[in-house]
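J.: If you want the building blocks of each chain, they are given just below.
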Amino acid sequence: MATEYALEEVEKKETYSYWRMVFKRFRKHKLAMTGLVILVAIIITVIVGPLIWRVDPIAQLEGPYELLSPSRDHPFGTDDFARDVLARWFAGGKISLMIGFAAAVSATIIGAVVGLVAGYFGGVVDAILMRIVDILLCIPTFPLLIALASVLGKGVWQIILVIVVFGWMGDARLVRSVVLSLKEEQFTEAAKAIGVSPSRIMFIHFLPNVMAPIIVSTTLGIGSSIVYEASISFLGFGVQAPLASWGNMLQNAQQYIWNAPRLVWYPGLAIFITVLSFNFIGDGLRDAMDPKLYR
Amino acid sequence: MGNNELLLDLRNLQTYFFTDDGVVKAVDGMSFQIRKGEVLGLVGESGCGKSVASLSIIRLVDKPGKVVGGEIIFKGEDLLKKSEEEMRKIRGAEIGMIFQEPMTSLNPVYTIGNQIMEAILVHQDIGEEEAQKRSIELLKLVGIPEPERRFNQYPHELSGGMRQRAMIAMAMSSNPDLLISDEATTALDVTIQAQILELMKDLQKRTGMAVLFITHDLSLVAEMADIVAVAYTGKIVEYSDVRSVFKNPKHPYTFGLLRSVPSLVNEQRKVDLPAIEGMVPSPYHMPNGCHFHPRCPFATDVCRREMPELEEKLPSHYARCFHPVEVSKEVV
Amino acid sequence: MRNYLIRRTLQSIPIILGAMLVSFIILSLVSDPFAAMMENPKVKLADIERLRKAWGFDLPVYLRFFKWFGSVLTGNWGPSLLYPGYSAREIIFRALPITLQVMGLQFIFSLIVSIPLGIISAIKQYSKTDYTLTFFSFFGMSMPTFWFGLMMMLLFSVYLKRPSGASLLPPGGIITPGMESAPFLARLGDRIQYLILPVIVLSLNSIGSWVRYMRSFMLEVLHQDYLRTARAKGLPERRVIYKHALRNALIPIVTLIALSLPTIVSGASITEFVFNIPGMGQLILNAELKNDYPTAMIALTLSTVLVVIANFVADIVYSFIDPRIRYA
Numbered sequence: 010m011a012t013e014y015a016l017e018e019v020e021k022k023e024t025y026s027y028w029r030m031v032f033k034r035f036r037k038h039k040l041a042m043t044g045l046v047i048l049v050a051i052i053i054t055v056i057v058g059p060l061i062w063r064v065d066p067i068a069q070l071e072g073p074y075e076l077l078s079p080s081r082d083h084p085f086g087t088d089d090f091a092r093d094v095l096a097r098w099f100a101g102g103k104i105s106l107m108i109g110f111a112a113a114v115s116a117t118i119i120g121a122v123v124g125l126v127a128g129y130f131g132g133v134v135d136a137i138l139m140r141i142v143d144i145l146l147c148i149p150t151f152p153l154l155i156a157l158a159s160v161l162g163k164g165v166w167q168i169i170l171v172i173v174v175f176g177w178m179g180d181a182r183l184v185r186s187v188v189l190s191l192k193e194e195q196f197t198e199a200a201k202a203i204g205v206s207p208s209r210i211m212f213i214h215f216l217p218n219v220m221a222p223i224i225v226s227t228t229l230g231i232g233s234s235i236v237y238e239a240s241i242s243f244l245g246f247g248v249q250a251p252l253a254s255w256g257n258m259l260q261n262a263q264q265y266i267w268n269a270p271r272l273v274w275y276p277g278l279a280i281f282i283t284v285l286s287f288n289f290i291g292d293g294l295r296d297a298m299d300p301k302l303y304r
Numbered sequence: 012m013g014n015n016e017l018l019l020d021l022r023n024l025q026t027y028f029f030t031d032d033g034v035v036k037a038v039d040g041m042s043f044q045i046r047k048g049e050v051l052g053l054v055g056e057s058g059c060g061k062s063v064a065s066l067s068i069i070r071l072v073d074k075p076g077k078v079v080g081g082e083i084i085f086k087g088e089d090l091l092k093k094s095e096e097e098m099r100k101i102r103g104a105e106i107g108m109i110f111q112e113p114m115t116s117l118n119p120v121y122t123i124g125n126q127i128m129e130a131i132l133v134h135q136d137i138g139e140e141e142a143q144k145r146s147i148e149l150l151k152l153v154g155i156p157e158p159e160r161r162f163n164q165y166p167h168e169l170s171g172g173m174r175q176r177a178m179i180a181m182a183m184s185s186n187p188d189l190l191i192s193d194e195a196t197t198a199l200d201v202t203i204q205a206q207i208l209e210l211m212k213d214l215q216k217r218t219g220m221a222v223l224f225i226t227h228d229l230s231l232v233a234e235m236a237d238i239v240a241v242a243y244t245g246k247i248v249e250y251s252d253v254r255s256v257f258k259n260p261k262h263p264y265t266f267g268l269l270r271s272v273p274s275l276v277n278e279q280r281k282v283d284l285p286a287i288e289g290m291v292p293s294p295y296h297m298p299n300g301c302h303f304h305p306r307c308p309f310a311t312d313v314c315r316r317e318m319p320e321l322e323e324k325l326p327s328h329y330a331r332c333f334h335p336v337e338v339s340k341e342v343v
Numbered sequence: 008m009r010n011y012l013i014r015r016t017l018q019s020i021p022i023i024l025g026a027m028l029v030s031f032i033i034l035s036l037v038s039d040p041f042a043a044m045m046e047n048p049k050v051k052l053a054d055i056e057r058l059r060k061a062w063g064f065d066l067p068v069y070l071r072f073f074k075w076f077g078s079v080l081t082g083n084w085g086p087s088l089l090y091p092g093y094s095a096r097e098i099i100f101r102a103l104p105i106t107l108q109v110m111g112l113q114f115i116f117s118l119i120v121s122i123p124l125g126i127i128s129a130i131k132q133y134s135k136t137d138y139t140l141t142f143f144s145f146f147g148m149s150m151p152t153f154w155f156g157l158m159m160m161l162l163f164s165v166y167l168k169r170p171s172g173a174s175l176l177p178p179g180g181i182i183t184p185g186m187e188s189a190p191f192l193a194r195l196g197d198r199i200q201y202l203i204l205p206v207i208v209l210s211l212n213s214i215g216s217w218v219r220y221m222r223s224f225m226l227e228v229l230h231q232d233y234l235r236t237a238r239a240k241g242l243p244e245r246r247v248i249y250k251h252a253l254r255n256a257l258i259p260i261v262t263l264i265a266l267s268l269p270t271i272v273s274g275a276s277i278t279e280f281v282f283n284i285p286g287m288g289q290l291i292l293n294a295e296l297k298n299d300y301p302t303a304m305i306a307l308t309l310s311t312v313l314v315v316i317a318n319f320v321a322d323i324v325y326s327f328i329d330p331r332i333r334y335a
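Chains as they are written, first to last, in the working numbering: chain A, 10 to 304; chain B, 12 to 343; chain C, 8 to 335.
No lab work stands behind these hints, which were simulated from the structure alone.
Note that the structure is predicted; figures quoted are calculated from it, not measured.
Note that the Cβ used here is the ideal one computed from N, Cα and C, for glycine as well.
Any given hint could be a false lead.
The calculated DSS-like cross-link candidates involving lysine-lysine, where the alpha carbons are at most 30 Å apart (straight line), are [said to hold, decoys possible]:
#: 1; chain 1: A; residue 1: 37; chain 2: B; residue 2: 212
#: 2; chain 1: C; residue 1: 135; chain 2: A; residue 2: 37
#: 3; chain 1: B; residue 1: 212; chain 2: B; residue 2: 151
#: 4; chain 1: C; residue 1: 60; chain 2: C; residue 2: 74
#: 5; chain 1: C; residue 1: 60; chain 2: B; residue 2: 100
#: 6; chain 1: C; residue 1: 168; chain 2: B; residue 2: 92
#: 7; chain 1: A; residue 1: 33; chain 2: C; residue 2: 297
#: 8; chain 1: B; residue 1: 74; chain 2: A; residue 2: 39
#: 9; chain 1: C; residue 1: 297; chain 2: A; residue 2: 163
Examples of chain A residues toward chain C, derived with CB under 7 Å [unchecked claim]:
#: 10; residue: 147
#: 11; residue: 150
#: 12; residue: 151
#: 13; residue: 153
#: 14; residue: 160
#: 15; residue: 164
Can you build the whole structure from these sequences, using the hints too?
T.: Laid out in structure tokens, this is it:
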């Protein structure tokens with residue numbers, strides 16, 4: 010057992026200085042830091058906004074208040090159901106970010122587990138899992154997302170599930186390839202030789218090594234999940250009114266684009282900038298974590 | 012030394028790398044001369060600046076490296092003052108170069124023939140057909156069997172030794188006056204290594220070209236070179252003809268290196284020399300004084316304070332040391 | 008080479024089968040296609056019964072899959088529910104060429120734009136040009152396709168007008184009414200007007216990411232030893248880059264582009280929806296929206312087959328660019 014702990018000690022030490030290095034390099038990455046600042050600003054706005062702007066995002070105003078232009082009472086105007094757009098923008102942002110985050114993290118976890126299992130056990134298990142991945146990667150997912158969404162029903166949790174079902178394959182492939190190369194390395198052999206259990210090898214020894222690519226892909230995954238949510242909701246299969254999301258605020262966009270284009274601008278720009286920030290951060294993390302650059 | 016014409020005169024070359032963590036003086040005031048038809052062995056451990064020096068000569072140092080000082084007089088003209096276009100006409104035509112890794116030095120997606128022909132066509136005013144004929148002749152010249160078949164093969168279809176032969180054929184394609192061989196045999200098996208050395212020696216004799224032979228292995232120098240220059244931390248520390256250096260090493264570093272060549276030193280002298288201890292200093296933290304002093308068994312206060320000059324210790328035998336090794340000296 | 012082709016073909020069969028199975032399962036779960044028909048007074052009960060039998064709805068689910076599979080193979084795809092009176096095959100083969108036009112154009116356009124930009128970005132790494140290109144690639148990658156489509160519509164159809172007062176580019180559709188029987192050149196000009204916006208919108212995403220990939224593959228190649236060899240031979244820098252570096256950088260790009268095809272098909276479906284283009288993507292979405300499940304399944308299967316074929320072609324292209332795997 011002593012040997013095993015010694016192995017872990019060495020890894021821990023290496024891991025520690027590695028993450029310090031990553032942090033240092035990330036801070037130097039201008040685009041990534043810009044992305045981080047913008048993202049934090051968006052998250053704070055979405056959380057703090059409703060505390061200051063205490064207007065019900067769901068309530069429909071009484072009277073002929075549909076599609077009002079921005080004014081003092083309604084800084085972003087009102088939508089086609091006479092709801093305050095600013096309040097919906099705050100509420101929708103919270104939902105969209107939440108969906109993006111939950112979907113990407115869940116997809117990554119599933120992908121990582123599948124990849125670890127496939128890569129570690131190899132053989133039939135690997136063959137079956139990877140064929141499933143191949144198949145799902147060949148089908149144009151968007152039409153299936155829509156179909157699955159209409160099966161599962163329309164709600165926040167269903168949308169997350171739909172995105173996860175078609176979102177884990179890339180991570181599985183990535184983790185599998187890292188595991189396959191780690192399997193050949195000496196510490197795996199050593200750990201196996203002293204009788205460490207497969208699950209321990211997988212989660213204690215492999216997982217830290219696949220952390221870097223996983224973090225990058227999750228970050229980028231949050232961005233694309235937000236776009237997926239928006240696209241599904243735009244088509245009417247996603248988050249349902251009166252609940253707001255940045256995606257479903259665009260649902261009727263095509264109709265009022267002609268007379269109230271601002272309603273297309275607010276949520277769309279928010280989605281775009283948020284996704285842009287995630288992509289900047291992901292790229293910065295990739296650069297900061299790329300072991301090739303140390304050589 | 013012979014009274015042949017001077018071909019290459021490297022004067023106080025300085026090539027620095029400007030990295031995020033500071034300036035690395037990879038080559039820091041290196042000087043040596045190569046006459047026509049002469050073979051100079053440039054020896055040193057990895058990191059001593061020998062490869063960077065060779066790349067500086069053909070002006071192919073990668074960023075963030077830069078030649079910041081000195082002169083590289085080739086056939087009487089300073090290469091550092093030439094335009095990129097003039098330089099391009101010298102590379103591959105007047106100065107040929109072969110590199111360490113025959114696996115990665117050839118482009119995997121083009122045939123051997125294509126890559127050799129390209130070298131010919133860019134410098135010589137001949138047609139494709141003629142170039143192809145010449146390429147096959149070159150392949151024959153470097154001892155590749157079935158040259159017509161090899162001509163159409165890709166690098167991955169050839170063994171390491173064959174690839175290095177192909178590299179030599181490419182470097183020889185325009186009959187260069189100077190061939191730079193940067194650790195050309197290091198990555199090869201010992202037997203193949205001997206064959207390639209033999210080939211280079213043979214070609215050198217036949218064509219009369221000069222060779223800058225870069226290696227970390229002194230025993231190869233003994234076989235190949237006329238003159239030896241030993242480099243340490245970007246400077247030449249010992250410089251003389253082969254015989255004198257092997258017989259009478261003056262710098263403790265050379266002395267230590269020679270110890271790793273058993274048949275040459277230990278057998279003859281029967282002395283138990285200390286191995287060179289420690290490691291090459293970090294390029295970011297060069298020691299004061301003589302850069303070798305932390306590893307030197309003879310170091311004294313002056314070595315820690317001052318950098319010695321390259322001085323003539325024996326006739327035509329230069330060393331950069333305050334306490335040159337005496338052959339008779341018994342080392343504890 | 009022939010063995011390789013045969014093996015590769017055999018390998019794609021289980022993938023197509025698997026994809027059909029997944030499509031079948033998910034679309035079978037979608038509510039009963041007959042429920043809506045039942046409520047339609049115009050449809051006779053006997054007809055529904057006949058359809059139910061034709062599609063194997065009287066059989067257990069797994070047998071229904073085989074029946075459906077058989078009918079896909081024989082080309083007997085049944086009637087379309089979405090467009091009564093037409094067969095699913097007619098509907099699909101009307102939509103397919105339009106989608107192929109849109110995707111083919113976006114593919115060529117994206118390649119022509121992104122490969123040179125990626126090369127420039129890599130050669131001038133860390134320069135102002137590189138930063139600008141990097142910024143715009145991220146811009147393209149991060150843009151939600153449908154929203155960008157809406158914004159482009161807004162720009163070219165609402166804000167920008169021709170002197171006549173008509174919009175600069177048509178906001179959607181695929182043909183100006185009345186142009187159906189116009190001479191070929193006029194029809195071509197008309198079609199181009201309709202395709203400009205969708206193709207640009209659809210290309211933005213792929214250009215963004217392909218520039219990034221091309222840049223990083225190129226950077227990787229630029230550090231290779233054989234480029235130093237090429238320079239040491241005295242080749243001009245242009246030749247070093249465009250002969251020796253480019254060919255090597257293109258190898259991974261081929262795989263990558265093949266892998267991104269499903270994403271492009273997905274993007275195409277929502278772009279077609281936004282611009283009201285009667286292609287496969289819009290057809291699949293509409294078929295799903297209206298419970299025309301047989302048409303949706305066939306269309307989806309066909310898209311998957313196209314992706315598999317494209318992957319297959321990519322592998323062959325790959326083996327031509329990279330001699331190391333030619334006879335593997």
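J.: Confirm or reject each hint.
T.: We went through each hint and held it up to the structure:
1. Of the supplied pair hints, the one linking residue 37 (chain A) and residue 212 (chain B) is violated, its CA atoms being roughly 51 Å apart against a limit of 30 Å.
2. With a C-alpha separation of about 17 Å, the suggested pairing of residue 135 (chain C) with residue 37 (chain A) holds against the 30 Å cut-off.
3. Taking the CA atoms of residue 212 (chain B) and residue 151 (chain B), the gap is about 16 Å. The hint holds against a cut of 30 Å.
4. Simply put, residue 60 (chain C) and residue 74 (chain C) have alpha-carbon atoms about 11 Å apart, close enough for the 30 Å limit, and the pair holds.
5. Restraint check: the Cα-Cα separation between residue 60 (chain C) and residue 100 (chain B) comes to about 80 Å, which exceeds 30 Å; the hinted pair is violated.
6. Annotation: proposed proximity of residue 168 (chain C) to residue 92 (chain B) is violated, straight-line Cα distance about 59 Å (limit 30 Å).
7. Restraint check for residue 33 (chain A) and residue 297 (chain C): the C-alpha separation of about 54 Å exceeds 30 Å, so the hint is violated.
8. A threshold of 30 Å between alpha carbons decides the hint, and for residue 74 (chain B) with residue 39 (chain A) the separation of about 22 Å falls inside it, so the pair holds.
9. With a C-alpha separation of about 16 Å, the suggested pairing of residue 297 (chain C) with residue 163 (chain A) holds against the 30 Å cut-off.
10. About 5 Å separates the beta-carbon of residue 147 (chain A) from the nearest beta-carbon of chain C, less than 7 Å, and the hint is met.
11. Checking residue 150 (chain A) against chain C by beta carbon gives a least distance of about 6 Å; that is within 7 Å, so the hint holds.
12. Because the beta carbon of residue 151 (chain A) sits about 3 Å from the nearest beta carbon in chain C, less than 7 Å, this interface hint is met.
13. With its C-beta approaching chain C no nearer than about 6 Å, residue 153 (chain A) sits inside the 7 Å limit, and its interface hint holds.
14. Because the closest C-beta pair between residue 160 (chain A) and chain C is about 4 Å apart, less than 7 Å, the hint holds.
15. At its closest, the beta carbon of residue 164 (chain A) sits 17 Å from a beta carbon of chain C; the interface hint therefore is violated under the 7 Å criterion.
Taken one by one, the earlier hints fail for this structure at numbers 1, 5, 6, 7, 15, listed in ascending order.
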